[in-house]
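*Asks:* Given chain A, put chain B in place with the hints provided.
Protein chains: 2
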Amino acid sequence: MKTIVVDMMGSDNGVSATIDGVQQFFSRNNGAKLILVGDPLQLAPLKDQCEIIPSTDIVPMEAGAMDVMRLKNSSMLVAINTCIERQADAIVSAGSTGGFLSATTLKLKLIPGVERAALMSPFPTAIRGKKATVLDIGANNENTPTQIVQFAKMGSIFAKRIYNIDTPKIYLLSNGVEEKKGTPELKEAHQILKQLKYPGFMGNIEAREALNGEADVIVSGGFAGNIFLKGSEGILVLMNNLIKKAFKRNIFTKIGYLLSKKGFEDMKTSLNYKTYGGATLLGVDGVVVKAHGSSDGFSFSYALEVAFKMAEADVVTLIKEGLQDGANY
Amino acid sequence: MKTIVVDMMGSDNGVSATIDGVQQFFSRNNGAKLILVGDPLQLAPLKDQCEIIPSTDIVPMEAGAMDVMRLKNSSMLVAINTCIERQADAIVSAGSTGGFLSATTLKLKLIPGVERAALMSPFPTAIRGKKATVLDIGANNENTPTQIVQFAKMGSIFAKRIYNIDTPKIYLLSNGVEEKKGTPELKEAHQILKQLKYPGFMGNIEAREALNGEADVIVSGGFAGNIFLKGSEGILVLMNNLIKKAFKRNIFTKIGYLLSKKGFEDMKTSLNYKTYGGATLLGVDGVVVKAHGSSDGFSFSYALEVAFKMAEADVVTLIKEGLQDGANY
Numbered sequence: 001m002k003t004i005v006v007d008m009m010g011s012d013n014g015v016s017a018t019i020d021g022v023q024q025f026f027s028r029n030n031g032a033k034l035i036l037v038g039d040p041l042q043l044a045p046l047k048d049q050c051e052i053i054p055s056t057d058i059v060p061m062e063a064g065a066m067d068v069m070r071l072k073n074s075s076m077l078v079a080i081n082t083c084i085e086r087q088a089d090a091i092v093s094a095g096s097t098g099g100f101l102s103a104t105t106l107k108l109k110l111i112p113g114v115e116r117a118a119l120m121s122p123f124p125t126a127i128r129g130k131k132a133t134v135l136d137i138g139a140n141n142e143n144t145p146t147q148i149v150q151f152a153k154m155g156s157i158f159a160k161r162i163y164n165i166d167t168p169k170i171y172l173l174s175n176g177v178e179e180k181k182g183t184p185e186l187k188e189a190h191q192i193l194k195q196l197k198y199p200g201f202m203g204n205i206e207a208r209e210a211l212n213g214e215a216d217v218i219v220s221g222g223f224a225g226n227i228f229l230k231g232s233e234g235i236l237v238l239m240n241n242l243i244k245k246a247f248k249r250n251i252f253t254k255i256g257y258l259l260s261k262k263g264f265e266d267m268k269t270s271l272n273y274k275t276y277g278g279a280t281l282l283g284v285d286g287v288v289v290k291a292h293g294s295s296d297g298f299s300f301s302y303a304l305e306v307a308f309k310m311a312e313a314d315v316v317t318l319i320k321e322g323l324q325d326g327a328n329y
Numbered sequence: 001m002k003t004i005v006v007d008m009m010g011s012d013n014g015v016s017a018t019i020d021g022v023q024q025f026f027s028r029n030n031g032a033k034l035i036l037v038g039d040p041l042q043l044a045p046l047k048d049q050c051e052i053i054p055s056t057d058i059v060p061m062e063a064g065a066m067d068v069m070r071l072k073n074s075s076m077l078v079a080i081n082t083c084i085e086r087q088a089d090a091i092v093s094a095g096s097t098g099g100f101l102s103a104t105t106l107k108l109k110l111i112p113g114v115e116r117a118a119l120m121s122p123f124p125t126a127i128r129g130k131k132a133t134v135l136d137i138g139a140n141n142e143n144t145p146t147q148i149v150q151f152a153k154m155g156s157i158f159a160k161r162i163y164n165i166d167t168p169k170i171y172l173l174s175n176g177v178e179e180k181k182g183t184p185e186l187k188e189a190h191q192i193l194k195q196l197k198y199p200g201f202m203g204n205i206e207a208r209e210a211l212n213g214e215a216d217v218i219v220s221g222g223f224a225g226n227i228f229l230k231g232s233e234g235i236l237v238l239m240n241n242l243i244k245k246a247f248k249r250n251i252f253t254k255i256g257y258l259l260s261k262k263g264f265e266d267m268k269t270s271l272n273y274k275t276y277g278g279a280t281l282l283g284v285d286g287v288v289v290k291a292h293g294s295s296d297g298f299s300f301s302y303a304l305e306v307a308f309k310m311a312e313a314d315v316v317t318l319i320k321e322g323l324q325d326g327a328n329y
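Going down the list, the protein sequences come from chains A and B. According to my numbering, the stretch in the first sequence is residues 1 to 329, in order. According to my numbering, the stretch in the second sequence is residues 1 to 329, in order.
By construction, these hints were calculated from the structure, which means they are not laboratory data. These numbers were taken from a predicted model, which means no experiment stands behind them. Just to be clear, a hint being listed does not mean it is correct.
Mimicking PhoX-like on lysine-lysine, the simulated pairs with C-alpha atoms at most 25 Å apart in a straight line are [what the hints assert, rightly or not]:
hint	chain 1	residue 1	chain 2	residue 2
1	A	K244	B	K262
2	A	K130	B	K245
3	B	K181	A	K109
4	A	K262	B	K268
5	A	K130	A	K268
6	B	K268	A	K244
7	A	K261	B	K244
8	B	K248	A	K262
9	B	K261	B	K245
10	A	K245	B	K245
11	B	K180	B	K169
12	A	K130	B	K244
13	B	K248	A	K248
14	B	K261	A	K244
15	A	K248	B	K261
16	B	K248	A	K244
17	B	K130	A	K244
18	A	K254	B	K268
19	A	K245	B	K254
20	B	K268	A	K245
Excised from the complex, chain A in its bound form (with noise of 0.2 Å):
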């Protein structure tokens, strides 16, 4: 049985959806034992099911790593040390972002031989149901082409197991599909993958084309990523607020939507960020996930589901075995 440390009081919606995640994390799955971090009389309902660690103070969202490591009775502290103490499987928290990727580096360490975390998420793709591993979309301010070659493979790991792709189609994120283009660090990660044969690398693509489909793992420095997430997500709410208005313009388009409406909720669902349930910082010694801030229950539900499939499928050890196989780098 998985054991997931849960930083219960990280969310910007407060312990309700956390709670609330936790329970549909139960009614989904019953492999796993989960340990809470949080206000014990917060967390009274989860209270038969789930060992409750005490912890009040919250992390600020701006906080840093080092002021995590101050605030040592904050749950997200407490849940990363309970979760070394208990060896647990896994963690995660809705908590600061900065504050918990550098926090959780520092104490469950990087994997032997990793040079850098990456954060990775899943993005949407034109292809129903298909998605795309896109990394590293903001960990890192920039890197080398080592580093760009270490997330390569293990996006292409944890793609391969979480979404059981057998060889999982790898694309560097560049200015140009030709090989020459990119940054210098991009153009170097390209020769090396190149002369590795590394399983699966098809090239660069440009960010146009990054979610057709084709590719399964999109890889970045963490500067390129960072600029690539948010820049998606702005015209996502740049288009939504126009759609909104597009139909609200009149009586008619108003029928019009109440028409349509089936077609555009399963547009919102195939795009709906809350059912890729958050970041996952690959490269560190554990499982770690980063739940939305804004996390709702459903979303939190999908951040735990995400946690206890990396522990299942053990990605940890995976990656730490991918990087040496062939690791002539």
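*Replies:* Structure of chain B alone, referenced to chain A:
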């Protein structure tokens, strides 16, 4: 009267698109003289309105700078040479982006003091009718802090003169709003602009908020800017396809479409890149407008209009002056 030299052969849609573009342009503007470069036979419909310089070779879309320089009889190179010989005010082409940008930079030369030219495109924002000026969207691979600062200044001058904004709000596109966020080059550019107290400089903006209507000018190195541009285009394509599917779902959604069509046409208009007329190369000693390769007549006419407006406002001279004023970096 301003003179614009037009490469008529560069569009993927052939001369019918560029001829239509010229005609539409003339229907809105009569303050410009156009010199057309292309096949005189095909351009015959315009022979009474414009001077035609014969040239039939077309630069292939994948051509680089050196290829263009070798294609001495190509409409693109003949147009560039004509622009120089006739001391024309602007040049417009829908041909190979890489080839056109490099060849115009080489032949027209950079404005003295400008280190690198930047490719600039207007983006739609959440505020109806408001455009954001984004640069560099891909003329460069890597940029120094000084270059990024120059991009900020050039973008601001453009937005001020072409969109009539008193003091355009300038933001650096980064992975966090704090000034310590971003690549080393971006952080240094931030400090330079801050110390200069450059008018309108507001700090960093994240990609998610970049198009919320707050920023007038969004500044980035060429690599990240290209990811931002093409990532945005990719999501637009993805969502447009999903909207089509949503409406095609069944007979009700189809009726829904008919009823709400007007609203969606509005939305299409506000997102229609065709009214933006293409991208502008800022920093070159001349007005250089790159129309979309897939321009139709409507889109091409707007590329001509942007070139005309920039020539009328004498943006190049303003950049020359603007880069000197208080240019203590």
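*Asks:* Checking each numbered hint in turn, tell me which of them this model violates, lowest number first.
*Replies:* Every hint satisfied by this model.
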